[in-house]
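As given, the protein sequences belong to chains L and R, one line each in that order.
Going by the working numbering, the first sequence opens with residue 1, and the numbers climb by one from there.
Going by the working numbering, the second sequence opens with residue 1001, and the numbers climb by one from there.
Note that these hints are calculated values from the structure, not bench results.
The hints are all genuine.
Below, a sample of chain R positions facing chain L; criterion: calculated Cβ distance under 10 Å: (1) A1013; (2) A1101; (3) N1111; (4) S1126; (5) I1158; (6) A1177; (7) G1235; (8) G1306; (9) M1307.
Stretch by stretch, here's where chain L covers chain R in the computed footprint (C-beta under 8 Å, at least three residues): (10) 1018-1028; (11) 1142-1156; (12) 1162-1176; (13) 1204-1210; (14) 1213-1219.
By construction, the Cβ of each residue, glycine as well, lies at the ideal position given by its N, Cα and C atoms.
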Amino acid sequence: MANMASKQASGGYDQPYYVPEHSPFPIAASVGLALFVFSLGHLLNDIKAGEGTGLASVMTFAGFAVIATTLFFWFSTQIRENHQGLPGAQLKRSYVLGMYWFIFSEVMFFAAFFGALFYVRMWVVGWLGGEGDKGITGQMLYPEFQATWPVVDNPNPALFPDPEESMAWPGFSGMLSYLPLWNTILLISSSFTVHIAHTALKNGNRQKLITWLGLTVLLGIVFLFLQIEEYSHAYSELGLTLNSGIYGSTFFLLTGFHGFHVTLGAFMLSVMFFRALKGHFKPEDHFGFEAASWYWHFVDVVWVCLFIFVYIL
Amino acid sequence: MASGHDDHHHGPAKGIKRWLFATNHKDIGTMYLVFSLAMFLLGGTFALVIRAELFQPGLQFVQPDFFNQMTTMHGLVMVFGAVMPAFVGLANWMVPLMIGAPDMALPRMNNWSFWILPFAFTMLASTLLTDAGAPNFGWTFYAPLSTTYATSSVTFFIFAVHMMGISSIMGAINIIATIQNLRAPGMTYMKMPLFVWTWLITAYLLLLVMPVLAGVVTMMLFDVHFGTSFFSAAGGGDPVLFQHVFWFFGHPEVYIMILPAFGVVSEIIATFSRKKLFGYDSMVYATSSIAFLSLIVWVHHMFVTGMPLAGELFFMYATMLIAVPTGVKVFNWVTTMFKGSISFETPMLFAIAFVVLFTCGGFTGLMLAIAPADFQYHDTYFVVAHFHYVLVPGAVFSLMAAAYYWLPKWTGNMYDENLGRVHFWLSFIGINILFFPQHFLGLAGMPRRIPDYALQFTDFNMMSTVGAFLFGFSQLIFVWVVIKCVKGGKKATAEVWDGSHGLEWTLPSPPPYHSFTTPPAIK
Ligand code: HEM
Ligand SMILES: [Cu+2]
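Please model the entire structure based on the sequences and the hints provided.
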């Protein structure tokens, strides 16, 4: 890559704004993304039609690999550029803004699912149970259905088999064996540990940074293990699946997307961990670390909302 | 388009690499604009298939299922392929020039947001060639039509929408970062050109609602493939939930398509009236209030689904409230023209037509906002007439105006003014023959989204089809004007227009490959 900054002196900043001359990454990432979703589409349709999935799964994986490889080189290039001192203070500010607004868009993504959950709990279940404004629907279609939350007896159990049990709060007596509680404790502590790591970084204490960052990643991984444990318990013992009606739908989609974001966040933090080992960060220059830690705090806040609205209430 | 001549020795890369590996805001802007023009012609072709079928009652050319595929693809291609990318293309070209920035804030991500789009639309359009056919559930893709009863193409539809969402979100982030961070020193927010302002607000709207669109198609994906029951009452879900989530995105979406148009028109009317824009501050506040209100009115699309009376009333009044800031804008445009020394070059013709015809669309919107009246109008051709008046002589005319206004700046050549005016008048006449009769069809009860209709609707449908072909083929003149202008023509000065004002006119036409090598001083 020609690392030629366009030569403008940016007002108020002492360095020209760095604009890379050209870059192969965006088009490569687009090709990867297209390959990935196109093949994944075929894969899902083949599964639904009960057909063989060999080629489609290979291509899906290939698409994923192209995206991952591209992003790897893309980020490596940015890190190298940073070591060469190409991005000035103003460009770094752009990175910060970019990350803020990216997290904001993620908030709105979760808002859609939370919105669905609230709508169902506030109105739909009542209507199906024959109460309220559209109660007539329930009375006509599903006279048997009782409005309760969590919904463990579905309006039509032939289509959507009832779960035996929900994930609801077991009361204070069963508290200690309630995995979500432990997960809450884990994630909240990890927000503190990553903060300690950040402070250490700002004070130039690399050893402390590595220790606390490593601990954060570890907490994230334990969280994920507990979630897998929780899911397999739900599937194998409670009969609670994606197919068990609106409770299972909202439960798995919300916690599942959150788990996916934890995976992403833990991955980002572990990249930062290895970068810290290599001595990449400076007390006044560590945007990569900050971005990952903001993301982590965001994931944590989402979990707190989940814990309250999906599990407890 | 940018014949990137350059002050430094590093100009654009040669050949295809220049476009595939682009990081330059002008090159990327050009790609967006060319892509959206291609999509406009594709979507237009689908529309002509629809209008040809509707010329007479009975089935002439296509089967009902294919007809539905055409309406769906027409809507999707126009909204997500033509109008939205065109505005992002304008933002790419003009925002850095208008705020005195060297480029967009995040140049590589900029190219990523663009290149996702051709792939997304190729994937979506390719479903037309499969046995199952393209999506046929309308651009609003209501469940359960799009879940329980969908063909296998819905999977590709969902992923295409995801890709468009990713593209729009990255585009919006880039625009916000550029405007927040790259303004020339001294350019305070209240000194920004209105086009920049309207785009800033639009970008916030995009960030607020595109993720929600991604959310709703994700729920669809799970309903279709993983057995969830978000939109199925049998499992405790609700098809109406789909409509809420969709329209939470959908109504702000219509403002995403019109706010930048407001910005364009504000620039142009001031220039050709040779006056300062009347009421700059109130324009900014009006745009912000429209954006805010647009987030709390979505249920006006769902009046007939049934809801508590308080709900009907709230959404009815909130919707009507939007007419107030919109009225402020129309008032300001008219007042800007008042006692100006106006000249009627093509951009101004399109801008004036915008003001008049968009206002008509706004008025029919007000009629639709009256809940009891909407019980009658809903799902009729009246709605089709309404949203086409705001979208075609609204958003699309503003895009045409913008293209004529800035083509000399982009290419360094003046376009052919005579051809431009011919294009305008044919479009203006065509569009009114096309859509005006649809109001009457709707009021008389003709439902939308049908391939066949009762005999008494024939006359107006014939008129409408004639107008459609007139309008459609007139757009080829535009293509011709653009090609001619890129190839050559009278050289344009830096100012291009008599009354032009703003930083973009201080740079030569075409501007140097890297826009502002030193940030300009703002008085
Ligand atoms: C004063 C401003 C406006 C008001 C009061 C208004 C009101 C409405 C209402 C009440 C409907 C629902 C009609 C029905 O389905 O029964 C509607 C539909 C629609 N409007 Fe508007 N509108 C306004 C401006 C706009 C603008 C600026 C655009 C786009 C640029 C737009 C695009 C649409 C579209 C696309 C639909 C149809 C959606 C569909 O069902 O496919 N509107 N409008
Ligand atoms: Cu609306």
